[in-house]
Every structure is written in C-alpha cells, then in structure tokens.
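Q: Here is how the chains run, residue by residue.
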Amino acid sequence: MHPTIPFVTAALLFGIGVYGVLRRRNAILVLMAVELMLNAVNLLLVAAGGLTGQVFALFVIVIAAAEVGVGLAIVLQLYRLRDTISVDTVPLSDPAPDPVVPVEAEALR
Amino acid sequence: MTGVDALLLGLGAVAVGAALLVVTTRQVVRAGLWLVVTLGAVAGLYLVLAAELLAWVQVLLYVGAVVVLLLFAVMLTRAPIGVSRDLDRPGWPALLVGAGSGFGLAALLADVYRWSTVDFAPAGNAERVGADIFRTWVLPFEVLSVLLLAALVGAIVVSRPEIGGRR
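For the protein sequence lines, the chains are C and U, in the order given. Note that our numbering numbers the first sequence so that position 83 is 324, with each residue one more than the last. Note that our numbering numbers the second sequence so that position 35 is 1139, with each residue one more than the last.
Chain C with its partners taken away, still in its complex shape (with noise of 0.2 Å):
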C-alpha cells in the first residue's frame, strides 16, 4: 500500500472543508464543511496511525456527533429568534432588537 494516496485525500479533504466553512453562509452547510474537515483528519488517523489511530478516529467520531448535537441546537435556536441562519447576520455585540419585559415591571407600570 501507498501511504501517499490516502495521505494526499486526506489533506484535498481538509482544504475543501476550510473552503466550505469560510465560503458559505447557511449556518447548516457551514457545519457539513465541518464534517468533512473531521472526516478528513479522522483518515489521516487511521491511514497513519494502526490500530491506536483508529481509536483516536472513533474518539473523534464521538466528538463529532457531540458538536453536530449541541450546533444542530444552537442553528435551531437562532432560526427560532431571528428567522434566519445565516451566519453573517447574526450580531457579535448588541443585545436582542427589542428585550422582554419582566412581568412585573409590566405590572408596576
């Protein structure tokens, strides 16, 4: 077997990841770029590693299930307060539009 080829997919792999990731603007087609830069390193690993990279790769498996879940959460969350998921809308510093009132100082007013 030749390391190179699997090696050579692994880095083309990554490099279209990071373009994805830096390309996009839907936040769900930003987290597939996510999964192929994973999938990417989780080829390096087992391609490089024998047995003890395939442990490091089912590890990285798990973890990547884990992100997908809380991102999948978070993406979810964003839709349901601004109605959109693109990534270059939402604002890094200002609070919400307009912030809920506590119910009791709707009451004192």
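Don't read these hints as lab results, they were simulated from the structure. Please note that the accuracy of each hint is not assured.
As the list claims (entries may be wrong) - Residues on chain C that point at chain U, a partial pick, calculated with CB under 10 Å:
id, residue
1, F255
2, L270
3, G291
4, F300
5, V316
These numbers were taken from a predicted model, which means no experiment stands behind them. Positions of the beta carbon are idealized from the N, C-alpha and C atoms, including for glycine.
Given chain C, put chain U in place with the hints provided.
A: Positioned in the frame of chain C, the structure of chain U alone reads:
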C-alpha cells in the same frame, strides 16, 4: 500499482469529488445528499485500510445519524427547496485559504512519503480495537462519556423554548 492502490485512488477520487459538490452546490438538500456520498466513500477507504469496525461505525454514526440530523435541521429551518442564490458569500479569500491549506498539506505529505510503501497494520476488528480501548485508552473513553452527557444536557438547555423565545 496494486489493486489496493487502485481502490484507494478510486474511492479517494469519489470522496474528493463529492466533497467539492457539497461545498459548491446551490441546493441545501443536495449538499446533504452529496455529503452521504463523501462519507460513504470515506467508509470504503476505511475498509480498504483494514479498519472494519471504524468503517461500520462511520456508516452508522455519520451516514446514519449525523446526516439525518442535518437534514432534520434543513427541514425545521424551512430551507428553500430548489436553487437558492444566497448560500454563498463572495469567496476569493475562502478559495485562497482553502486551496492553500489543501494543496499545501497535500504537497507536504506527498513530499515526505514520496512513493514509499508500508505494510498493513493488523485488521482493526471489534476485538482488537476494543482491547486497545479498554486496556490503554480507558480514561479518554470515560471522559468522552462525560462529554456526551454534557452535550446532551447542553442541547436540551439550549433548545428550551422559554430561552429568549418571544413567539
């Protein structure tokens, strides 16, 4: 060039081609389906590289669970079915960084390993991988189970409707 190399080349070409379609297609659902092709080809690569347990875990967890989750998210966010023009932001920096890292890493690895050959590691079936996990890597395994629990609780907390939910 043996049969194994031909298989690796073919499956690698399928994986890279489908991955290119994942990041360039203009339809959200098709990106998910091309992702299935990519992950399946990577599972095939694992099989050729004698990592059978990992190949089936890849099929179960990635092709089964992760892609289904992603498609559920596509459905719940009412992503447009059909061609949508606003999926991408203008992308020369992305192309530059992506191509740079991809081809840079590829050139680096190709330069290090040239056209050398290695022997196969012993096949990673469930018995060997399980023995390796539970003899050598028990602590990371347990930490991972705590991580999964934290992710579970975190996902539930984040998606509770009363957090910031105004409608």
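Q: Could you run down the list of hints and mark each one as holding or not?
A: For each hint, the structure was consulted:
1. Because the smallest distance between the Cβ of F255(C) and any Cβ of chain U comes to about 6 Å, under 10 Å, the interface hint for this residue holds.
2. Hint status for L270(C) relative to chain U: holds, with the closest Cβ pair at about 6 Å, below 10 Å.
3. Below 10 Å, beta-carbon pairs count as interface contacts, and G291(C) has one with chain U at about 4 Å; its hint therefore holds.
4. Evaluation of the F300(C) hint against chain U yields a held restraint, the C-beta minimum of about 6 Å falling below 10 Å.
5. Residue-level restraint check for V316(C) holds (minimum Cβ-Cβ distance to chain U is 6 Å; threshold 10 Å).
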